[in-house]
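Trainee: Okay, here's what each chain looks like letter by letter:
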Amino acid sequence: MKKLSIIILSILLVLVLITSINAQEKFKIAFLPKIIGNTFFEVAGANAIKMGEQLGVDVMYDGPTEASVAEQVKFINTFVNQGYDAIVVSALDPKGLNQALKRAMDRGVKIVTWDSDVDPNYRTFYVNQGTPDILGRLLVQMVTNQLGTWHGKLKVAFHYSSPTVTDQNSWVEYAKKIIAEEYPDWEIVTIQYSDMDFPKAVSVGEQLLKTYPDVNAIICPDSTAFPGQAKAVENLNMIGKVIVVGFTTPSTIKQYIERNTVLQGGLWDCGVQGAAGVYVAYQLLKGEKIEVGTSFEIPGIIGEFNVVPNKLQGGEMYENPEVADRTDNGIVLLPERLVFTRYNIDKYNF
Amino acid sequence: MKKHYAANYMNEKKRFKNLNIVKRKLFSWQTTLIGLLIVEFVIFGSLNSRFLNIINLMYSVGDFLYIAIAALAMTCIIAAGGIDISIGSIMGLSSIITGFFWVKTSNIILATILGLISGVVAGTLNGILILITQVNPLVITLGSSFLFSGLALTLSGFAGSTGFEGISGFPDSFVYIVNGSIFNIPNPIWILLILTIIFYILLHKTKFGRYLFLIGMNPEAAKYTGIEIKKLTIYNYAISGLGGAIAGILLVSYFTSARSDLGADAPLIVITCAVLGGASIYGGEGSIIGTLLASLLVGYLKYGLQMINITSHQTNVFLGLVLILTISGRYFWDVLSTNYKNKEAVKRFKKT
Amino acid sequence: MRKKFINIILKRSEILVIIILIIYFFLMGIKNPLFVRADTVIRILFNGAILSIISMGISSVIITKNIDVSVGSLLGLAATFGATYLNSTDHPSILIFLLITLGTGTLGGLFNGLGVAYGGVSSIIMTLGTMAMFRGILTMYTGGSWIDTVPEWFLNFSRIKFLGLYYPIWVMIISLIILWIFFTKMKWGRYIYATGNSIEGARLIGIPVKMVVLSSFVISGFFSGLAALIYISQIGTIPTQAGTGMETQAIASAVIGGVSLMGGTGNILGALLGALLLETIKYSLVFFKVPAYWNNVISGFLLLFIVVITSRIQIYLRQEKEREIEEALRR
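Protein chains in written order, with this note's numbering: chain D, 35 to 384; chain X, 62 to 413; chain B, 31 to 361.
The hints are simulated quantities; they were obtained by calculation from the structure and are not laboratory data.
Watch out, some of these pointers could steer you wrong.
Claimed, not checked - In the DSS-like style, the derived pairs of lysine-lysine whose C-alpha atoms are separated by at most 30 Å in a straight line are: (1) B:Lys351 with D:Lys234; (2) B:Lys319 with B:Lys351; (3) X:Lys165 with D:Lys210; (4) D:Lys136 with D:Lys189; (5) D:Lys275 with B:Lys240; (6) X:Lys284 with B:Lys351; (7) X:Lys404 with B:Lys240; (8) X:Lys402 with B:Lys351; (9) B:Lys319 with D:Lys211; (10) D:Lys275 with D:Lys211; (11) X:Lys165 with D:Lys345; (12) B:Lys34 with D:Lys187; (13) B:Lys61 with D:Lys189; (14) X:Lys284 with B:Lys95; (15) B:Lys34 with B:Lys191; (16) B:Lys240 with D:Lys234; (17) B:Lys351 with X:Lys291; (18) D:Lys275 with B:Lys351; (19) D:Lys244 with B:Lys191; (20) D:Lys189 with B:Lys351; (21) X:Lys292 with B:Lys351; (22) B:Lys240 with D:Lys244; (23) B:Lys319 with D:Lys234; (24) B:Lys61 with B:Lys215; (25) X:Lys291 with B:Lys95; (26) X:Lys402 with D:Lys136; (27) X:Lys165 with D:Lys211; (28) B:Lys215 with D:Lys275; (29) D:Lys244 with B:Lys319; (30) X:Lys292 with B:Lys34; (31) D:Lys136 with D:Lys275.
Said to hold, decoys possible - FRET-style restraints, in silico, Cβ to Cβ: (32) D:Glu338 with B:Val320: 43 to 49 Å; (33) B:Arg342 with X:Ser167: 57 to 63 Å; (34) X:Tyr237 with B:Asn62: 31 to 37 Å; (35) X:Ile371 with B:Gly236: 43 to 49 Å.
Said to hold, decoys possible - One side of the interface only, derived from the structure: several residues of chain D facing chain B at Cβ under 7 Å: (36) Ala214; (37) Pro218; (38) Phe232; (39) Ser237; (40) Thr286.
By construction, the Cβ of each residue, glycine as well, lies at the ideal position given by its N, Cα and C atoms.
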């Protein structure tokens with residue numbers, strides 16, 4: 035036993051001694067999604083890698099196969115140990131990554147978030163698809179767009195992934211607020227969850243339509259719940275009787291738009307978001323200043339990226355006086371949000 | 062009379078010998094695991110020298126600490142012929158209960174104790190239900206896992222925070238439990254070491270542990286020897302619940318955030334670690350040291366694969382393949398070695 | 031009369047499941063009358079087709095005292111390969127499509143079976159391993175993207191009605207009949223039971239137990255492929271996570287329907303009814319009209335409650351019967 039341990043130790047020692055630190059020429063950036071194997075994140079990842087090639091940096095795209103905070107922390111820690119210079123992350127939990135990100139920042143790694151943010155103290159910039167206010171409003175707007183000039187009572191339901199997902203819940207919170215303030219005639223009849231499980235989304239969707247037969251509009255800000263709910267409408271032969279809107283990639287919702295089950299679906303260009311995340315990280319690594327209150331352009335992408343203070347996002351985490359108005363820490367807003375209809379859906383290839 | 066004694070003696074001796082073989086076999090499997098661990102280190106080390114950075118290696122224990130702890134508890138359950146699918150949901154439930162009472166009372170010690178108790182209660186409930194229904198534990202704990210995770214979700218809503226934001230703002234002393242270090246060695250290693258020793262003593266050095274093996278090996282026989290199977294089963298699931306709760310609370314300390322879905326991904330990998338460590342899913346076999354080694358093996362395998370830039374899709378295929386090949390290799394090794402031993406014995410027999 | 035009743039329930043635990051289903055519908059009808067409609071039953075059968083087909087397939091493995099947790103991943107893999115083929119050409123041939131989808135399932139099952147029967151790997155380890163592998167192969171094959179759509183004409187398949195029932199429901203019924211005949215009327219089917227009862231005993235009377243175990247995994251794999259077929263036409267979008275969690279549900283359905291994890295007992299109809307019971311619970315949660323974050327609590331509670339009730343009834347009936355036999359003997 036003793037012999038064995040001596041052998042092990044000596045092998046380990048030799049290996050440690052052999053190690054030579056590679057001279058670094060290129061920046062290494064890790065691009066970490068919430069989960070891999072989902073079109074949204076794959077598109078963002080592919081564009082992030084493309085942007086990396088354009089800028090001459092190495093971009094690694096990888097992440098957990100299950101939406102688990104523990105797995106995501108593992109990835110952050112390993113990326114740091116691998117010597118990445120920056121991590122661009124879409125966080126599964128606004129606070130659960132704090133310790134891992136702190137360790138990373140202590141070692142000089144730059145942190146940029148995209149899609150889903152963390153506490154501003156633990157990252158430099160957040161490439162945001164839109165504040166909850168903008169996206170909540172977009173959800174309500176997609177419904178009102180289909181009402182035309184009609185005003186009056188409307189029964190609305192929400193159907194998305196789960197009560198534990200940060201971004202979807204924050205949009206729904208704002209959408210509810212907007213409905214309460216601006217459309218007092220509307221009534222929210224139910225909120226249902228389908229855990230990013232497609233068959234479950236269809237089943238829950240059907241039950242929703244049967245339990246609340248007089249529902250007029252269903253808002254589904256989740257990439258699985260949205261097509262699932264549309265499928266449920268088709269299964270129960272209710273095309274045209276109920277408005278279904280939500281967020282998902284155009285390729286997923288296309289077939290439902292073609293069949294008129296869904297008239298409008300929204301999203302932002304997740305490819306642009308991925309590319310922008312890498313671009314911002316690269317600027318930080320080069321030491322270029324990105325300042326709150328200004329705006330910048332990214333070569334090859336149409337539109338201006340506005341850099342706004344944290345407090346615009348709203349909520350305790352952002353209104354903390356330490357970060358609310360900082361100039362070197364803030365939010366980068368994507369230039370535009372997209373609404374897909376049967377007239378423009380063919381334009382998008384993601 | 063004398064003859065009888067002699068026969069008895071011979072029997073005793075034979076039994077002793079058998080026991081030795083069993084021991085040797087177990088030992089050899091653990092040595093194999095150590096061997097695999099070394100091979101793993103050598104391969105990853107030669108592919109990416111950063112892998113062997115001792116500090117990083119030590120700190121990455123924190124990443125799979127919860128898996129290893131749950132696997133230790135699961136080993137006791139599997140050794141007694143049971144299984145506990147709900148261990149992941151118990152992690153979520155205990156973490157939320159800790160968070161809930163931290164928010165309500167601002168007393169972190171009380172909150173932690175209540176979190177631990179919730180795990181014990183959940184485990185006890187599992188045990189009682191399994192006894193009442195006499196239905197396979199797989200089904201009972203599947204049902205209770207829905208129940209526990211649902212309760213956790215509902216409770217997190219009551220904690221004042223919305224379920225999606227998690228509960229945070231834990232005091233530094235609590236955060237230090239997993240994130241700190243003693244004598245320059247990160248706490249997760251100490252915690253794992255201590256819990257391994259406790260579970261080792263529990264399963265391998267006490268009557269309780271021996272009875273668990275007996276129940277797992279042959280529940281009918283165990284009944285006739287007068288073992289209180291019911292009591293032991295409940296204790297066992299309560300311990301498993303406690304193990305889940307410890308893992309869950311350590312996750313909260315590690316992430317400084319309590320969420321209802323913490324640990325939801327754990328059950329399958331936990332069972333994998335226990336079984337890879339030598340526990341038989343049909344009961345009667347299990348080794349705490351083996352489970353520890355298997356947890357390290359799997360934990361560092363994942364870490365290493367990522368270090369050499371294997372993406373997680375590929376990691377899945379690798380993990381599955383390694384699992385199957387290891388166990389299959391063990392089987393063929395056993396077959397070959399018994400064949401060899403038999404032949405040797407026959408040879409010896411012929412000589413005399 | 032009473033004795034007969036006890037005998038029937040003891041022999042046929044699926045009757046208990048049917049009784050529970052009826053009671054459940056009745057109680058749900060009181061809670062929310064909208065639930066008790068003929069249409070609801072058809073939707074439950076339609077949506078439950080995938081789970082029930084898988085749980086019938088997995089039963090053949092469970093009866094041999096093995097377990098198969100790879101069915102969910104295998105379903106995903108078969109559905110991915112099948113749907114990719116449908117999208118790859120303008121005029122896909124149905125025959126090739128069937129070959130790919132069912133073949134993927136069968137081959138996956140064969141691989142599992144080889145590992146368990148001839149490779150000396152215990153079934154839980156083998157299928158845990160392949161569960162990760164199949165999912166990994168799936169995501170590597172698609173590069174992580176979803177298969178968003180399949181041809182419209184194929185989607186319409188699932189809406190074809192025959193005698194008032196959709197085709198997935200017919201697939202389910204035909205599977206049931208075929209498996210029922212296989213397990214009760216054919217020699218090989220009885221071999222599967224014998225092997226599960228006692229592998230040593232089966233070997234002693236000359237049953238090729240390794241082949242039997244292998245075949246049970248092939249059956250399970252084939253039905254995963256069949257379920258994938260329905261998944262493609264019914265859902266029409268194949269996410270990379272397709273089928274996750276299906277394995278535990280399928281095992282639970284089989285066990286609820288009376289298939290014992292200790293091997294050798296239970297039948298296919300029970301597995302089917304168990305799956306339909308689970309599906310009914312899942313399909314009734316929204317009808318409760320409680321805040322949806324309670325739904326997991328309710329479904330967990332209902333599942334446990336039903337398991338407790340059925341097992342207690344069975345234990346009670348068994349004791350009753352023993353008492354009767356005792357009395358008869360005393361007389």
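Trainee: Now tell me if each hint is right for this structure.
Mentor: Going through the hints against the structure:
Only pairs whose Cα atoms come within 30 Å are accepted, and B:Lys351 paired with D:Lys234 is rejected, the gap being roughly 42 Å. Restraint check: the Cα-Cα separation between B:Lys319 and B:Lys351 comes to about 42 Å, which exceeds 30 Å; the hinted pair is violated. Between X:Lys165 and D:Lys210 the alpha-carbon distance is near 28 Å, which keeps this suggested pair within the 30 Å criterion. For the given pair, D:Lys136 sits about 45 Å from D:Lys189 by alpha-carbon distance, which is inconsistent with the 30 Å threshold.
Distance restraint check for D:Lys275 and B:Lys240: the Cα-Cα separation of roughly 57 Å exceeds the 30 Å cut-off, and the hinted pair is therefore not satisfied. A hinted pair counts as satisfied when its Cα atoms are at most 30 Å apart, and X:Lys284 with B:Lys351 qualifies at roughly 23 Å. With a CA separation close to 25 Å, the supplied pair X:Lys404 and B:Lys240 stays within the 30 Å bound. Distance hint between X:Lys402 and B:Lys351 is unfulfilled; the C-alpha atoms sit about 51 Å from each other, more than 30 Å.
Under the criterion of a C-alpha separation no larger than 30 Å, the hint pairing B:Lys319 with D:Lys211 is consistent with the structure, at around 22 Å. Distance hint between D:Lys275 and D:Lys211 is fulfilled; the C-alpha atoms sit about 26 Å from each other, no more than 30 Å. In summary, the hint linking X:Lys165 to D:Lys345 is supported, as the alpha carbons are separated by about 28 Å, within the 30 Å threshold. About 59 Å separates the Cα atoms of B:Lys34 and D:Lys187, which puts this hinted pair outside 30 Å; it is violated.
For a cut-off of 30 Å, the pair hint linking B:Lys61 to D:Lys189 stands: about 22 Å separates their Cα positions. For a cut-off of 30 Å, the pair hint linking X:Lys284 to B:Lys95 stands: about 23 Å separates their Cα positions. For the proposed pair B:Lys34 and B:Lys191, the alpha carbon gap of about 39 Å is over 30 Å, so the pair is violated. Taking the CA atoms of B:Lys240 and D:Lys234, the gap is about 38 Å. The hint is violated against a cut of 30 Å.
Between the alpha carbons of B:Lys351 and X:Lys291 the distance comes to roughly 24 Å, so the proposed pair stays at or under 30 Å and holds. Restraint check for D:Lys275 and B:Lys351: the C-alpha separation of about 57 Å exceeds 30 Å, so the hint is violated. Among the hinted pairs, D:Lys244 with B:Lys191 is consistent with the structure: their alpha-carbon atoms are about 21 Å apart, no more than 30 Å. Among the hinted pairs, D:Lys189 with B:Lys351 is inconsistent with the structure: their alpha-carbon atoms are about 56 Å apart, more than 30 Å.
Distance hint between X:Lys292 and B:Lys351 is fulfilled; the C-alpha atoms sit about 28 Å from each other, no more than 30 Å. Straight-line distance between C-alpha atoms of B:Lys240 and D:Lys244 comes to about 49 Å, which puts the hinted pair past the 30 Å bound. Restraint check for B:Lys319 and D:Lys234: satisfied, since their Cα atoms lie roughly 17 Å apart, inside the 30 Å limit. Straight-line distance between C-alpha atoms of B:Lys61 and B:Lys215 comes to about 43 Å, which puts the hinted pair past the 30 Å bound.
Simply put, X:Lys291 and B:Lys95 have alpha-carbon atoms about 24 Å apart, close enough for the 30 Å limit, and the pair holds. Taking the CA atoms of X:Lys402 and D:Lys136, the gap is near 57 Å; set against the 30 Å cutoff, the hint is violated. Note on X:Lys165 and D:Lys211: the hinted pairing holds, with a Cα-Cα distance of about 27 Å set against a maximum of 30 Å. Under the criterion of a C-alpha separation no larger than 30 Å, the hint pairing B:Lys215 with D:Lys275 is inconsistent with the structure, at around 50 Å.
Our distance criterion of 30 Å between C-alpha atoms is met by D:Lys244 and B:Lys319, whose separation comes to about 12 Å. For the suggested pair X:Lys292 and B:Lys34, the alpha carbons sit about 37 Å apart, so the restraint of at most 30 Å is broken. Taken as a hint, the D:Lys136 and D:Lys275 pair is broken in the structure, with Cα atoms around 51 Å apart against an allowance of 30 Å. The hinted window of 43 to 49 Å between D:Glu338 and B:Val320 holds, with their beta carbons roughly 47 Å apart.
A hinted range of 57 to 63 Å is violated for the C-beta pair B:Arg342 and X:Ser167, which are about 44 Å apart. Checked against the hint of 31 to 37 Å, the pair X:Tyr237 and B:Asn62 fails, with Cβ atoms roughly 51 Å apart. Separation of X:Ile371 from B:Gly236 is about 48 Å and conforms to the stated range, judged on CB atoms against 43 to 49 Å. With 7 Å as the threshold, the beta carbon of D:Ala214 stays out of range of chain B, its nearest partner Cβ sitting at about 18 Å, so the hint is violated.
With its C-beta approaching chain B no nearer than about 22 Å, D:Pro218 sits outside the 7 Å limit, and its interface hint is violated. At a threshold of 7 Å, the smallest CB-CB gap from D:Phe232 to chain B is about 5 Å, leaving the interface hint in force. Contact between D:Ser237 and chain B, as hinted, is supported at the beta carbon level, the nearest pair being about 5 Å apart and thus within 7 Å. A least Cβ separation of about 5 Å between D:Thr286 and chain B falls short of the 7 Å threshold, and the interface hint therefore holds.
The earlier numbered hints that this structure contradicts are 1, 2, 4, 5, 8, 12, 15, 16, 18, 20, 22, 24, 26, 28, 30, 31, 33, 34, 36, 37.
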